[in-house]
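Visitor: What follows is the residue order along each chain.
4 protein chains.
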Amino acid sequence: MINVLVWCEHEQDRLQDDVKAAYPEYMHNAIANFLKEDPNLNVRTATLQDDPETCGITDEVLADTDVILWWGHIKHNAVPDAVAEKVQKFVLNGGGFIPLHSAHFCKPFIRLMGTTCGLRVDGFGKHVINCVRPGHPITKGVPEEFSLPVEERFIEFYDVPQPDELIYVTGYETGRLFRSGCAYFRGRGKVFYFQPGHETNPTYRDKNVQTVIRNAVYWAAPNKD
Amino acid sequence: MINVLVWCEHEQDRLQDDVKAAYPEYMHNAIANFLKEDPNLNVRTATLQDDPETCGITDEVLADTDVILWWGHIKHNAVPDAVAEKVQKFVLNGGGFIPLHSAHFCKPFIRLMGTTCGLRVDGFGKHVINCVRPGHPITKGVPEEFSLPVEERFIEFYDVPQPDELIYVTGYETGRLFRSGCAYFRGRGKVFYFQPGHETNPTYRDKNVQTVIRNAVYWAAPNKD
Amino acid sequence: MINVLVWCEHEQDRLQDDVKAAYPEYMHNAIANFLKEDPNLNVRTATLQDDPETCGITDEVLADTDVILWWGHIKHNAVPDAVAEKVQKFVLNGGGFIPLHSAHFCKPFIRLMGTTCGLRVDGFGKHVINCVRPGHPITKGVPEEFSLPVEERFIEFYDVPQPDELIYVTGYETGRLFRSGCAYFRGRGKVFYFQPGHETNPTYRDKNVQTVIRNAVYWAAPNKD
Amino acid sequence: MINVLVWCEHEQDRLQDDVKAAYPEYMHNAIANFLKEDPNLNVRTATLQDDPETCGITDEVLADTDVILWWGHIKHNAVPDAVAEKVQKFVLNGGGFIPLHSAHFCKPFIRLMGTTCGLRVDGFGKHVINCVRPGHPITKGVPEEFSLPVEERFIEFYDVPQPDELIYVTGYETGRLFRSGCAYFRGRGKVFYFQPGHETNPTYRDKNVQTVIRNAVYWAAPNKD
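Residue numbers (our numbering), protein chains in the order written: chain R, 1 to 225; chain P, 1 to 225; chain A, 1 to 225; chain B, 1 to 225.
Treat each hint with caution, since some may be false.
One copy or two, either will do: identical chains are not told apart, so a pair holds if it fits within one copy or between any two.
[Stated by the list, open to error] Straight line, CA to CA, 30 Å or less: simulated DSBU-like cross-link-like pairs of lysine-lysine:
hint	residue 1	residue 2
1	Lys89	Lys126
2	Lys36	Lys86
3	Lys89	Lys224
4	Lys86	Lys126
5	Lys75	Lys89
6	Lys140	Lys224
7	Lys36	Lys89
8	Lys126	Lys36
Keep in mind the hints are simulated off the structure, nothing from the lab.
Next comes chain R alone, as it looks inside the complex (with noise of 0.2 Å):
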């Protein structure tokens, strides 16, 4: 059994119309319910709303969590520095980190990954999707190459250090592209940064873009002795 915690800041899912229209049940729950139907998950959320203290990523939260998800975008800074410290050291100390999407500015993988983490945007449209490196377990079950009709396009220079393990790159009609699925190791932890979900697109009811989550959780999860 896993024990997976998704966190989002749960901002404009609760406030802007077009977000409540893509996801009605809002996002944590959208990226939960996925994950829910697989019985080796244990999934619960978390979300900037529970408490501007703590985030809802409370010490006690924190002991019984092996993968942690994260969905941030407009209010990265409300998170205190003190929960992104600790979100930090629950990587090195084994824990699995799996930033989604704008997630790429959150504290907590900019602290990982010792960079500015910027990315330029470049409006939207179709993305494909690219394996550079089938075989890894985080590919299992995807096909080699997939497609989201609408998304929001981010593209290169991806200011983060050479993934350990590069497995999606995502192009689009522009020849731009964007190394969008990310593998780091970091301390005694697993990082996967993977770059689809946007708000107002309903890629997280994409079958393909569930299955990389998921895997990811799995290939995230700390060995367990």
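Based on these hints, arrange chains P, A and B on the given structure of chain R.
Guide: Leaving out everything else, chains P, A and B in the frame of chain R:
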């Protein structure tokens, strides 16, 4: 269930008294036996003695194999190029390959690495096996430092590509050392080289060595979609 | 002074009108000529036509060579295995090797990589060459994004080991893409594969392509102690 | 011409007799002096004593700096966060950074790595420095194995990201070891951590250590287009 094939040249353990003393049940059986204790592993053996042309690695056997372990030393050249090529393709198509000790010079490994795979031998002595990537699945249940009382010392420069994942480095009382646990993705498959296992030392009876090898089998097993 | 050997099979540029139109001076000369503009490079050429046995790569030539550039396409098999092995050893002993475009299938590169080096060809079109490792010496003086109007599209999965340094990824209007600038350390030498350069496109006249290749020569040159 | 800034905390070499005995000219000068022998390097020094707020690393100085070397030990916390952030940005924007010995715990390195950068100290003894990537420019002119009679032993697990280029591993008579020469690309810049250099050992007078550090300055220097 993972289908495992333990391949050994089965030469010295037939003909040399000191090797027979260390492994009276033969080396392939010594390795197979501790893997067989795991009910999720379906373990078979094959040796150079089975058939000079196929070395026991027939198309039929290969079709039912997920991971190959390989031990060879003085009969590398007796393995036909066609067999080496077959094993190389098996890996590139998704299979797992775990060359052990002096199998750094086996034909399939040299083909897969693209380098000489040369190293220097520096006598025998205590091995201290230092983990440099704790948290990796291959290290599960193994202390971050463990030792073997006497083993053959391989030392750098080990002419292999920089590992995708360097997991163990073994040090000696001489201050010299060897990258002893090296993981590679090649094609759609995976390779893990592990250094311990000289034919006159009872290394494959060591619990930590057994655990590393067992973990490596799980790590190297292909995705089954 | 770096001693550079530009090797081409020199087949299509002798026999095909469309290739002669693109490179009337022949491809090896086209590549050698822009390198010769750099006074620190001592540039020679050799081709398959020089001699079927040595391909012009004699021991004497090799002894005075620091970096080999290699362009081949339809005559890979005409290169004797002994020549391929000689080039492989040249690299492992410290030499630089820069296979260009369809030389992904040349014998020395396949030997050095240990994989099939296969890829998929997907017609022709605009190439957008995206830098994913700015600051690397191979990128010096080159915009972080540049394009070629028409080139042959290679697409993933490109069956090479994960590069030690992934520098360029080329994207197309199809959303597909290709890891087009891949740097490897092998043995004591260095390898840089660079994708642009189809025989009917005037790609080697592009200033950015020339700069990348020239930079790669400097990067791949051996330490001279 | 490469503009080099040698930064030291300049604390123990002012106050401790044993350190003054090893480096009567002070540590920053000891390091600067051997670099100054190279006419292509323009070498300056700065220390924590210059100014508590800037530590001598003013915007003006930084604007004329290509590579920073950093030695610190007991006064890491005296470096203001603003200075650490400035150095981090200097690297991400293309600068070179070479932390030495106990500077594994300096603020800029910890920020750039994203990990604790922790290690274990295991007394003093002979260091055997083993090259695992011969041919790399940082190794130019240095034997593939060299030793120091007495130095402080750092041992694994060294909690840094897997290096982009692991160049040296140091072994001890205990069989324990340490990844002592670790190269990283971060942002548009480069980082090389090198372990030798305890304040009471005359390590910076060793010719091989000097050569490695000088090579690292060249390697880490930014592209000047």
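Visitor: Check each numbered hint from earlier against the structure, then list the numbers of those it violates in ascending order.
Guide: 1 and 4
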